[in-house]
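There are 2 protein chains.
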Amino acid sequence: MRVPRRPRVYLAGPDVFLPESHAWAARRAAICAGFGLEGVSPLDPLPDSPPEWLGLPDWQRIFHHNEAHIRRCDAVIANLTPFRGPSADAGTVYEVGFARALGLPVFGYACVGADLLARTRAAFGPSVAADAAEDWWDGDGLLVENFGLSENLMIAGGILASGGLLLAEDAPGSDRWRDLTVFERCVAAVAARLGVPSAAG
Amino acid sequence: MRVPRRPRVYLAGPDVFLPESHAWAARRAAICAGFGLEGVSPLDPLPDSPPEWLGLPDWQRIFHHNEAHIRRCDAVIANLTPFRGPSADAGTVYEVGFARALGLPVFGYACVGADLLARTRAAFGPSVAADAAEDWWDGDGLLVENFGLSENLMIAGGILASGGLLLAEDAPGSDRWRDLTVFERCVAAVAARLGVPSAAG
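First to last, the sequence lines map onto chains V and A. If you use this note's numbering, the first sequence corresponds to residues 115 to 315, in order. If you use this note's numbering, the second sequence corresponds to residues 115 to 315, in order.
Keep in mind that the hints are not guaranteed to be accurate.
What the hints assert, rightly or not - Computed from the model, here is a short list of chain A residues facing chain V with C-beta under 10 angstroms: (1) Leu-132; (2) His-136; (3) Trp-173; (4) Gln-174; (5) Asp-188; (6) Val-210; (7) Ala-215; (8) Gly-255; (9) Glu-259; (10) Leu-263; (11) Leu-267; (12) Ala-270; (13) Arg-290; (14) Leu-294.
To be verified - Which bits of chain A does chain V cover? Going by a derived footprint, with three or more residues having C-beta under 8 angstroms, they are: (15) 202-209; (16) 224-238.
Note that these hints are calculated values from the structure, not bench results. Built from N, CA and C at the ideal position, the CB exists for glycine as well.
Please work from the sequences and hints to get the whole structure.
In structure tokens:
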């Protein structure tokens, strides 16, 4: 019997900045495997790195490596947990837009349930204020998006249009970078959406 | 004599959140025209909106409108000025990744010259600290990228790989959202890179 290849899912997110990031990547890959998916970390080696990358500065080599990983995957799961401010990590968001234009289904999750306006107000306090029309403005005088979304509409829109979904809820644990509950729920949703039979099946 | 179409350049950025955003878009378009480029704002109407968008919620309609604009353009100029934290606006970063995967040349500019580590330290103070190996960590225990770049390496790498360039310098004016000096320098660089004869020529 031919065993079909498990769908390969690129695991985008600032998790790569954790100490012991390889151990965290292995935990995430194990969760993916439990749902019949192959989780691909940006930290994983690439089987076919072109030799010309060797001469590049580290940051360019990492960049090409990550883009190549995404091009070899069937879907993306992005950790959009707020990172150093109200929004997601910029590198992760780049990868969401990149994958969307490639036509991959993109799934996102955030380990914080509050919407973008609530998070922006929490981060910047009373410098974020509403006018008489109930539009919200930040301290620089720029409008704050208020669609009740978890992220900027381009990200929420790209994920939806790609056929993915965006899951945002407070992680039960106290450390939103190490609690894998929401990630696991997202992986389950990806497996269901991609029609993958469960590993237990 | 056939007049070739001017290159169409999508102007990504959180400028759309300024009050009088249409007036600011017109000023930016005028600068582009001076360099032989057609500046396309996300606020510009789209000639061919599919009728099925009419039934969508506002945020989804805006999303599809913006993606469609990018697909109709020849290049992107992204305002990557730090936005509500050390990094650029998430919606803009999405569009950078999206345009990169479409194969468009992407140009970025930021009206702040300090690099990402310096900006992260300025934003979060002593909670961002170096260890004995001189690696920098934020208050959540996540590594801070330290390649001397203006932005996360995916953004800097995507712009470079696309054939564009990333220009980061302090705007001479006091309001980094309204000073168009760095934008104009970026537009000049785009015109030169795309081989556009100057409008004065």
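Verification of the supplied hints:
no.	hint	result
1	Leu-132	holds, 6 angstroms
2	His-136	violated, 13 angstroms
3	Trp-173	holds, 4 angstroms
4	Gln-174	holds, 6 angstroms
5	Asp-188	violated, 15 angstroms
6	Val-210	holds, 6 angstroms
7	Ala-215	holds, 3 angstroms
8	Gly-255	holds, 7 angstroms
9	Glu-259	holds, 8 angstroms
10	Leu-263	holds, 6 angstroms
11	Leu-267	holds, 4 angstroms
12	Ala-270	holds, 7 angstroms
13	Arg-290	holds, 8 angstroms
14	Leu-294	violated, 16 angstroms
15	202-209	holds (count 7)
16	224-238	holds (count 3)
Of the numbered hints stated above, those contradicted by the structure are hints 2, 5, 14, listed in ascending order.
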